[in-house]
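Engineer: The residues making up each chain are set out below.
Number of protein chains: 2
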Amino acid sequence: MLNFTFKSPTEFVFGRGTEDQVGDLVKKYGGTKVLIHYGGGSVMRSGLYGRTVASLEKAGLSHVSLGGAKPNPVDSLVYAGIELCRKEKVDFILGIGGGSAIDSGKAIAAGVPYEGDFWDFYSNKAKPGEVLPHGCIITLPATGTEGSDSTVITRESDMLKRGMSAECNRPLFAIMNPELTFTLPPYQTACGVADMMSHILERYFTNTRNVEVTDRIAEALLMTIVRNGPIVLREPENYDARAEILWAGMLAHNNICGTGREHDFSVHQLEHELSAMYDVAHGAGLAALTPAWIGHQIPHNPMRFAQLAVRVFGCPMNFEDPTSTARDGQSKLAAFFRSIGMPVNLQELDERIKKDDIPALTAKVKRKPDGKVGWFRPLADADIVAIYESAFDWKD
Amino acid sequence: MLNFTFKSPTEFVFGRGTEDQVGDLVKKYGGTKVLIHYGGGSVMRSGLYGRTVASLEKAGLSHVSLGGAKPNPVDSLVYAGIELCRKEKVDFILGIGGGSAIDSGKAIAAGVPYEGDFWDFYSNKAKPGEVLPHGCIITLPATGTEGSDSTVITRESDMLKRGMSAECNRPLFAIMNPELTFTLPPYQTACGVADMMSHILERYFTNTRNVEVTDRIAEALLMTIVRNGPIVLREPENYDARAEILWAGMLAHNNICGTGREHDFSVHQLEHELSAMYDVAHGAGLAALTPAWIGHQIPHNPMRFAQLAVRVFGCPMNFEDPTSTARDGQSKLAAFFRSIGMPVNLQELDERIKKDDIPALTAKVKRKPDGKVGWFRPLADADIVAIYESAFDWKD
Chain W
16 MLNFTFKSPT EFVFGRGTED QVGDLVKKYG GTKVLIHYGG GSVMRSGLYG RTVASLEKAG
76 LSHVSLGGAK PNPVDSLVYA GIELCRKEKV DFILGIGGGS AIDSGKAIAA GVPYEGDFWD
136 FYSNKAKPGE VLPHGCIITL PATGTEGSDS TVITRESDML KRGMSAECNR PLFAIMNPEL
196 TFTLPPYQTA CGVADMMSHI LERYFTNTRN VEVTDRIAEA LLMTIVRNGP IVLREPENYD
256 ARAEILWAGM LAHNNICGTG REHDFSVHQL EHELSAMYDV AHGAGLAALT PAWIGHQIPH
316 NPMRFAQLAV RVFGCPMNFE DPTSTARDGQ SKLAAFFRSI GMPVNLQELD ERIKKDDIPA
376 LTAKVKRKPD GKVGWFRPLA DADIVAIYES AFDWKD
Chain D
16 MLNFTFKSPT EFVFGRGTED QVGDLVKKYG GTKVLIHYGG GSVMRSGLYG RTVASLEKAG
76 LSHVSLGGAK PNPVDSLVYA GIELCRKEKV DFILGIGGGS AIDSGKAIAA GVPYEGDFWD
136 FYSNKAKPGE VLPHGCIITL PATGTEGSDS TVITRESDML KRGMSAECNR PLFAIMNPEL
196 TFTLPPYQTA CGVADMMSHI LERYFTNTRN VEVTDRIAEA LLMTIVRNGP IVLREPENYD
256 ARAEILWAGM LAHNNICGTG REHDFSVHQL EHELSAMYDV AHGAGLAALT PAWIGHQIPH
316 NPMRFAQLAV RVFGCPMNFE DPTSTARDGQ SKLAAFFRSI GMPVNLQELD ERIKKDDIPA
376 LTAKVKRKPD GKVGWFRPLA DADIVAIYES AFDWKD
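Chains as they are written, first to last, in my numbering: chain W, 16 to 411; chain D, 16 to 411.
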């Protein structure tokens with residue numbers, strides 16, 4: 016186990032009707048004038064926006080609103096939000112909706128007190144110092160942004176998608192009501208499931224030895240998701256299954272399953288370029304890349320993949336040939352993705368993706384400031400090309 | 016799943032040499048004059064006390080010290096600590112050592128700014144408001160106090176042992192270096208293992224349905240502890256196994272495995288009176304009561320005990336007779352306790368305990384202010400007597 020620091024200070028307020036506490040929570044954490052930052056019309060249609068405003072007003076707080084956060088949130092809206100907050104003297108950012116509004120809200124919170132260009136934080140040119148206090152109401156279990164130290168923004172000028180991790184990105188509070196996820200369309204629900212599974216797997220595939228407790232927590236989360244994912248697709252208003260998925264999605268990315276170990280995150284790096292170039296859903300992109308990534312990486316440590324196969328997917332261990340067990344796990348994972356309507360290769364993901372695009376995608380992946388792609392077995396250019404090519408028409 | 020709020024804001028600084036960061040951490044959290052509160056000579060012998068003072072001084076902080084915290088920490092030392100802190104204008108409490116020094120430090124932190132008797136907090140007469148900021152360096156994985164919202168103190172006048180739970184009891188930081196646990200005697204190590212297992216089991220035995228993610232996290236922790244407990248007894252300086260136990264012990268009680276569900280905690284209530292009356296080690300007392308408690312409670316929900324047996328102890332499920340599987344799990348747990356040198360009944364725990372004491376013990380359990388003993392199947396007087404009697408000479 017490696018030395019680590021773990022701090023997940025967010026107050027998670029979980030359950031039915033909890034959105035009505037938002038006014039009191041903003042007040043508790045010192046907000047007086049709130050930016051409500053959201054995405055499209057779903058928070059209007061569901062009545063969440065109205066209930067949020069009512070709760071803020073009941074607590075004696077004023078607010079301004081900024082909608083329009085889209086999947087793969089973009090820098091232009093962040094600039095608009097920063098300007099609005101400065102003009103209106105906003106002192107608290109409240110993201111409501113899916114991961115995009117909350118990620119975009121985190122960028123605004125960091126950008127308002129910063130004199131330079133907020134993109135500096137996303138291009139490793141600067142670290143955020145003081146940020147505006149921020150909280151959220153999450154309606155889409157997927158990115159884990161409600162508990163994580165991360166935010167991801169796409170720069171529109173060149174469609175470069177970049178993440179930023181810092182302790183100040185952890186929300187002060189996160190309101191999590193499973194009922195708010197009942198109306199999610201099946202495809203979005205499934206993309207969320209794939210995304211949270213990827214957050215766990217990116218930590219699971221590690222070279223660090225003796226990490227039993229985090230391995231087992233990761234497996235606990237994966238087993239929970241694999242069992243409840245199909246239930247929420249079959250019964251969208253099953254409260255208990257939605258609750259399992261919602262809470263597991265937070266735990267998947269607040270790093271409770273990642274302490275004391277090297278992470279990989281190369282699948283995320285490869286996917287970020289896919290969704291930046293084709294605007295595909297992040298979770299679907301992850302599902303489409305993961306089986307091919309696993310196939311490429313099994314030789315690096317077959318036993319680690321066999322452990323996943325045995326413990327999470329109940330595969331029998333082949334003690335004479337662990338690699339065959341590892342491949343059984345790869346098959347089970349791909350079959351699971353298919354069963355929830357996720358693609359398992361790039362052709363299924365989006366027919367606009369062409370084999371000829373692979374060199375351009377690879378070049379964009381390599382443009383990362385730190386240059387390294389993954390830690391489990393770091394990917395050289397040839398590996399990235401091989402994974403994209405294998406993912407293009409991967410089948411079991 | 017029940018509605019819940021979860022907030023575990025402590026900054027956990029984990030790994031080799033991390034105690035040297037203590038000065039910087041106290042400073043980061045605003046301390047200038049520190050009470051170092053500790054137990055006996057072990058922190059002196061190990062050099063931890065000296066390194067702590069050196070780190071505080073390097074950070075430009077002054078300190079006063081108060082030793083003497085004993086297992087089952089007592090109110091008289093808390094009163095002494097409160098007086099010392101007021102006199103010396105201490106603004107930060109640092110507990111170093113096992114759970115006792117840290118629990119006692121939490122009581123001091125709550126008592127200093129309070130005008131009344133700090134015991135009010137432990138007798139449900141008052142809730143702590145503002146408390147002095149506090150952090151800790153933990154050297155004994157057991158009580159989980161380094162991450163929990165709890166503290167337990169014994170009133171010497173009548174040996175009444177009472178807990179107090181409040182958010183302000185969560186330390187601002189907890190330094191956790193597995194190396195500091197190398198020198199723990201085997202009996203104390205094993206008591207710690209039993210204590211942390213009990214923290215998990217008290218949450219595991221619940222009537223709340225559809226709590227898969229927390230069930231599986233609880234099982235993850237139990238499996239980790241059951242595998243690594245014997246290793247640390249066999250190889251006291253095995254860093255990786257000590258690290259697993261140390262981190263699992265925190266996770267066992269910061270409530271990450273207890274969100275959204277009713278807890279029981281009746282074994283703790285029965286044990287508190289044992290350790291108050293006979294001054295036995297808390298963990299050993301829990302081990303001595305748990306098999307009898309399970310035997311008494313299996314009829315309430317055999318499947319829940321069978322789940323523990325199958326998932327944690329690898330027992331084959333008897334689908335025709337789940338109660339027999341439940342009993343297999345009870346046997347495996349008792350055998351595990353024996354294997355690490357823990358008692359599995361009261362006679363083994365301490366020969367001073369007499370059957371004639373059971374009515375007095377029962378009366379003390381019932382003196383709890385809220386009157387209720389456990390939630391899984393709340394214990395009436397007759398149940399408490401039956402469990403103590405069964406525990407007296409329990410054998411498999």
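Please keep in mind that the hints were generated in silico from the structure rather than gathered at the bench.
Treat the hints with care, since some could be wrong.
All copies of an identical chain are treated as equivalent in the list; a pair is satisfied when it fits inside any one copy or across any two copies.
25 Å max Cα-Cα, derived SDA-like pairs, lysine to any residue [unchecked claim]:
id	residue 1	residue 2
1	Lys369	Tyr64
2	Lys102	Met332
3	Lys85	Phe197
4	Lys369	Ser180
5	Lys410	Met238
6	Lys73	Glu194
7	Lys142	Gln36
8	Lys379	Glu103
9	Lys42	Arg66
10	Lys22	Ala74
11	Lys22	Lys42
12	Lys43	Glu103
13	Lys42	Glu145
Engineer: Provide an ascending list of the numbers of those earlier hints which the structure does not satisfy.
Structural biologist: Numbers 1, 2, 4 and 8 - these are the hints that the structure violates, sorted from lowest upward.
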